[in-house]
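These are the residues of each chain, in order.
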Amino acid sequence: MKNSKYMLILLTGALSFGSCKKDFLELFPEGQMNEGNFYKSTVDFQQAVVGAYTPLRDVANIAFYMDEMRSDNAHYDYNSKDRGGLGYEQLADFLDNSQNGVTATRYQGDYNGISRTNVILDRLEKITFTMADADRKQIVGETKALRAHYYFDLVRHYGGVPLHLHEVTEKSQATLPRSTAEQVYAQIIADFTDALANVAAPKLPQETGRVTKGMVATELAHVYMTLKQFDKAIPLLQSVTTMGYSLWANYEDAFKNENKNNKESIFEVQYKDGTDGQSSTFIYRFIPNGNTLNITGISYNDTNGGWNYPTDDLLAAYEPNDKRLDATIGVIEGTYNANTDFVASKIVSIVNYKAPTGVIAKYFIRKYFHPPYLLANNTKENWPIYRYSNVLLMLAECLNETGQSAAALPYLNQVRTRAGLAATTTIDPALLRPIIAHERRIELAFENHRWLDLVRTDQAIPVLTAYGIKTKAQFGYILPAAYNVTAARFIYPIPFRELQLNTALVQSPGY
Amino acid sequence: MGRKFLHYLSGARHLQLFLMLLLLSPFAFAQQSMKITGKVTSSEDRTGLPGVSVKVKGTQVGTVTDGAGAYTLTAAKGNVLTFSYVGYDLYEATVGESSTVNVSLKSKSADLQEVVVVSYGSSRQRDITGAVTKVNAEDLQNLPAAEIGQKLTGRVPGLQVNQASGRPGQGMTFRVRGAASLGSGNQPLIVVDGQPITGDVNLINPDDIESFSVLKDAASTALYGSRAANGVILITTKQAKSGRSTINFNTYYGTQTVLQRGRPDIMNANEFATFMKGYYEDRIKYENWKNPVTGLAEVPADYQNPAQYGEGTDWYNELLRTAPIQNYNLNISSGTDKVLSSNSLTYFKQDGVLRNTGMQRFSFRSNNQYTPSSKVKFGFNIAPTYQIDNNTRGNLDGNRQILVGGEISSPLIPARNADGSYPTRTGSYGMFALPNFLQQLDLMKNKQNSLRILANAFGEIELLKDLRFRTTINTDLGAIDQNSFNSSNYGTAGAPGPSIPSAVSNSNNYTSWLSENILTYKLTKGDHNFDFLAGYSAQKYNRNFRTINGSVFPNDNIPWIAGAATTTGTTNNTAWDIASMFGRINYDYKGKYLISANIRRDGSSRFGKNSKYGTFPSISAGWIISEESFFPKSDNFSFLKIRGGYGKTGNNNIGDYTQTSLVGQTNYVFSSALAQGLSITSLGNPDLTWETSKQTDIGLEMNFFKNRINVTYDYYNKLTNGMLYLISIPYASGYSSIRYNVGEFKMWGHELSINSTNLTGEVKWNTGFNISFNDNKVLSLQDNTPIGGTATYNDYNRTAVGRRIGELFGYVFDGVYKNQQEFDSQPKHATSAVGTARMKDINGDGKIDQNDKTFLGNPNPKFLFGLNNDIRYKNFDFSISVSGQVGNKIMNTNLQNFQNLDGIFNIEKSMMNRWRSPENPGNGQVPRTLSNTTELYRFGNSNWVFSGDYLTIRNISAGYTFTSVPKYFKSARIYLAVNQAYVFTKYPGQNPEVNDSRDNQTTAGQDNGSYPVPRTISIGANINF
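Just so you know, the sequences run in chain order A and B. Going left to right, the first sequence walks through residues 44 to 554 as the numbering used here numbers them. Going left to right, the second sequence walks through residues 1220 to 2244 as the numbering used here numbers them.
No lab work stands behind these hints: they were computed from the structure. Please note that a few of the clues may not be correct.
[Stated by the list, open to error] Mimicking SDA-like on lysine to any residue, the simulated pairs with C-alpha atoms at most 20 Å apart in a straight line are:
1. LYS2066/B with THR400/A
2. LYS2066/B with ASP501/A
3. LYS405/A with ASN1587/B
4. LYS1759/B with GLY79/A
5. LYS1460/B with ARG1540/B
6. LYS405/A with TRP1508/B
7. LYS1509/B with TYR379/A
8. LYS1509/B with ILE403/A
9. LYS256/A with PHE1889/B
10. LYS1509/B with PRO72/A
11. LYS1457/B with ASP1533/B
12. LYS1509/B with GLY79/A
13. LYS1509/B with LEU542/A
14. LYS2093/B with PRO2005/B
15. LYS405/A with SER1553/B
16. LYS1509/B with GLN281/A
17. LYS1828/B with THR400/A
18. LYS2059/B with TYR119/A
19. LYS513/A with LYS1460/B
20. LYS515/A with PRO2207/B
21. LYS423/A with LYS1460/B
22. LYS423/A with GLN1895/B
23. LYS1828/B with ASP369/A
24. LYS1496/B with ALA381/A
[Said to hold, decoys possible] Examples of chain B residues toward chain A, derived with CB under 8 Å:
25. GLY1617
26. ALA1652
27. ASN1665
28. ASN1668
Think of the CB as a built atom: it goes at the ideal place given N, C-alpha and C, for glycine as much as any other residue.
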């Protein structure tokens, strides 16, 4: 049978090639973890907690547009050649709308953080392995503190937002309506209160960058202050003063890379340089566009600079001989070439600075500038969220607001003395209030507090309306409609995309 | 065979039943045999035809005519003999009393008898009950083409083939019966010699192709199950013919040029300087502007005296060139009754009309078939292809990439300095930071080498009479290696050089193997003809890919990453599996009532755990009315068939692993050191499954005047459920999107094709015409939330319930506020001023904002058509083919640059007519240049939307065949051809077929300044030895 020979060959071929491994149709990605093989151990959960910190950076990277440039501290270097930054400018000019990319990015960043904390908290309820009590406490504490932190950021910038407290696993769960601001604050206070009971105390002088009791107490106090419940903030802040924090002798030391997470640091957003994706780039946003060789020491063509420029208004606010001026603001000298490109030549001190003729001087934020750098557009500068000097000023403010002005002075004067200024002696609460506010503006300049402080202390409309009139007179390119500062503008709009995708949402009035 | 897989098969009861049915069918009938002899001649010149296949119908008995056309075989009285020969009509003769059967074959006039390749087999055109169109590659040989799509344009009703871009080897998009999917791909499944291919279709050498079959309706595609919803194109490659040995050499050489029509209508140097002078005058007047360089309120020196500039630099023209295209193809084929072997070698080279771009391809194909006995057949085909893409995969087109970047560069700046060097910046005073794009193009180093091997081997054996078993092993192997190097002169728009040299190396290699095992059985009982098929297959695809980035090179001398100071790299892998079983029953009664039923069951690793398997059935029927006794026998109306089919098919292009929530790296820093973080970064969907199309097709086939005119008409109606789409979800969820089976769409259309043999005498003239109407409607979406149109920039389409898929979306431009009175009385945007752009207040709330965006047009054509004419007279041949489409809209998104009023780009001439003051308001259609007011005019708006109607003369060719040729030659033909001879269109852009997003129907119809499509004039030869 000749044909049976062929048949044998064919069948052998068919069967051998047809054979396949057991789970032929069950394939999982080999290059990435998936939910099926994660959340299975304490280490998994600890890594998940690390992931919940990461969105802090998404917010910090752009927060200055909304928190400093919106205020009288900072403006921008109008770039007529590239109008791609119009959205940033509109935040400063009070012309922003719900399609602004920055407000959407911040909103997304905060909710990414919230989602990651929700996943951890939900899945922690369902674990089938045994987790040590101490580990669980720390995980729960850090996670709740982060969730509260993200919601505090949201409620101050967007008002009452959808209150997601559980993991979203399908689309229908993603379309919650807005809660009221009161409901959001209640959740923030509950979460911080839980966190305070769970997280570890700081191990000063050197911290890791994680959430500590110091951070939780400070931020919870800040929440109460925002709600004008100063009496509730005082004990929290006082507890922070006993945790071992203290001020550096020199203001600028607080921002040095070698002093990261050290004695003056309550909480900061962590960065490191290198090619592993953990670097910051703040300074490249804060210096003029163009080649950066004569500024950062590294040749790099910066095309997204010119933001967050210190204003004349802020410069004028510094008291004579305030050591913080030189540490906060620097001058970049240069010239325009024939094509109106700015060519930087060198950095000089702002102290008693007068621009020589023929030289163009641009002010820039020096706080986050610590060369030498190794790589272009890549720095290790952290971003401070709370420093101990802020705690002292918060405590001074709370005491003053609760009729204990004399008790407030030592805290205020600790900060002033370090800056090389005379102690304040005023104990009239009405007089002391603007002094403390001014001190906050200078001490915390460019740390993303100014705009929120103006709103919190009901000063935004008078201060920024006056500032707007000055600024419009100074710059011809600003539209007449700019700087229409109204109460509706105290919060930013809910991003347009969210409204489109979730019909349960209602835009904030005025947008 | 693994347990799981066996289990899967054993679960398939219907396969077992089917096999039993096959085996239990007893049949046998004896007849009186006799020896038949005869001669086969050509009806035209009465000469004997060698190599004609003569078969006793319904048996394997057959032979081939000898050199004189004579044959001998054994048959019984009443048997039907079939005579088939390529290029001639199949002829059937019934054996009567005589032992001599002489026949005369007519060369092909109508395609009724033509054998058409269909899913897992072949069929006569007349017996087909689905919507299938065959195209013979022979008819397309005059078309110089890098891609098979260029050959098919305008040939097949219902198949929309567009040249979306002129990038050599990457331009074509296919769409069967309108858009089929949202974002999961609209490209049909391409099957080469029975093998569904997994890699780039454009690596298939067009010269190796014998024929195409385009399967359009569900009845004809359902055997491809979860991959069939977008239609199927079956490609059959050239095989040797029994009894013939041939050597062919085909070649062409052409030159490509970009036509003047459609070039950007931007300002020359004089005009641009004039515009800029006015721009600064207005800034001084309205904004107290001072030149920061001089501190003076005066127009910058560059623009003070526009008259000094003439035409200036035409950057678009500088980037283009006239480029050659060439092809050399040698085919040696030889066939005996035991062995068929066809081998071909091809070299193709196309230089791009953009300088420093081009591709070349070396391809080889060997198709071999061995028939040791009448019951056994083996085959082995292998086709390696090696393609080199030089810079054609670089950043050539798209927003502010090289081509558009050049267009917006200052015409005041020369392309080269007097000494021949390049100026490195091309922005005049105050302009955007632009590098010299000519320099960037000339310096580009981006090379991709692709090696592709398609191979298959099969064995076929007749187990019992008419019961055949066929097993096939197919492999599709690819290795792609792309290396690019950016030298220190590298720059982009916004970031001109010098820069630190960097390099990227991307490579991947994939393997796809497919094992198919098929049983077929034919059964004829009286007037009942059955044709059974059952099969199973398993396919596995695996791809490894890697990227290496090198940066900080010390200089430009080492283009390899070995020279980089910093190197980062990653590797990864992806895979999918499909296991399937399928079956078909064809039945006909007396050759006039035809029924076909198909079923396929697919299991796929891509589907979520809740829905691993899908079943895709179809049924179709045909009735050849002209065979009925009541049908008047007339040469004028010689054939009439009505057919209809219904079936279910799927689309599984959902990406690998999308059913699983993925945990991604979300690292952070503690104590100044990296801390490993992991978080769910993409939301999976365990319910994810194929998208299902249910399609009904009704067709009518008619022939008139002795089959000289064939008319085919089809109506289809397709309902697609569970469109797979990555839908956006609120950020508040912590995620931005989730893949969902989101909605329901309806698509329907009409297709008509007419093929006519107008003249048959000394002058032969054939005409083919086809036209297809398509439309679609979105019936539902997830929560009825529209898709797209939410972002400020680069989001120009919206898919919404009750409308068509991917309609263009944006503001409606309504002129400018000419004066204070208009400004005060009309709705305004937050940034509006007198003289600025006025968009329509669509929602009527008295202000203009993002809620005033609306639908601006349908990117899908209402109908498309093709018209092809072939005329032969003696040794001359002439052909012209035309195709076009009507009713679609194109959004020229490039106008965001050409209508930019910030004084930073070169722009359209029409921008001269801008508003400058109430006394000098321009033409009322162009806004002023006031700072901070111009953005609204840069948003997608109705100004950018144009009709995409076109009619293109695809090809005109004229040839001459030499019949008296020197020794060793059989015949030779030379021809002259013009491709893309002319484009008739009102679309002002270069290419009315443009579609930048290619395969994504939700972002269709956008033109961002793509690689131009040239006209090609070529000369070619076909030589037979």
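Structure-based check of all given hints:
1. LYS2066/B with THR400/A: Outside the cut-off at roughly 47 Å; violated.
2. LYS2066/B with ASP501/A: 29 Å, violated
3. LYS405/A with ASN1587/B: Violated, at about 77 Å.
4. LYS1759/B with GLY79/A: 23 Å, violated
5. LYS1460/B with ARG1540/B: Violated: LYS1460/B and ARG1540/B sit about 43 Å apart, past 20 Å.
6. LYS405/A with TRP1508/B: 19 Å, holds
7. LYS1509/B with TYR379/A: Within the cut-off at roughly 13 Å; holds.
8. LYS1509/B with ILE403/A: Measuring from Cα to Cα gives roughly 14 Å; hence the hint holds.
9. LYS256/A with PHE1889/B: 17 Å, holds
10. LYS1509/B with PRO72/A: 60 Å, violated
11. LYS1457/B with ASP1533/B: 47 Å, violated
12. LYS1509/B with GLY79/A: 63 Å, violated
13. LYS1509/B with LEU542/A: 42 Å, violated
14. LYS2093/B with PRO2005/B: 61 Å, violated
15. LYS405/A with SER1553/B: Given that 20 Å is the threshold and the Cα spacing comes to 81 Å, the pair is violated.
16. LYS1509/B with GLN281/A: Violated, because 54 Å separates the two Cα atoms, which is more than 20 Å.
17. LYS1828/B with THR400/A: 74 Å, violated
18. LYS2059/B with TYR119/A: 32 Å, violated
19. LYS513/A with LYS1460/B: 90 Å, violated
20. LYS515/A with PRO2207/B: Outside the cut-off at roughly 42 Å; violated.
21. LYS423/A with LYS1460/B: Violated, because 72 Å separates the two Cα atoms, which is more than 20 Å.
22. LYS423/A with GLN1895/B: 18 Å, holds
23. LYS1828/B with ASP369/A: Roughly 63 Å between the alpha carbons, so the hint for LYS1828/B and ASP369/A is violated.
24. LYS1496/B with ALA381/A: 16 Å, holds
25. GLY1617: Violated. Min distance 16 Å.
26. ALA1652: Since the shortest Cβ distance to chain A is 7 Å, the answer is holds.
27. ASN1665: 21 Å, violated
28. ASN1668: At about 24 Å, which exceeds the 8 Å cut-off, the nearest Cβ of chain A leaves the hint on ASN1668/B violated.
When each numbered hint is compared with the structure, violations occur for hints 1, 2, 3, 4, 5, 10, 11, 12, 13, 14, 15, 16, 17, 18, 19, 20, 21, 23, 25, 27 and 28.
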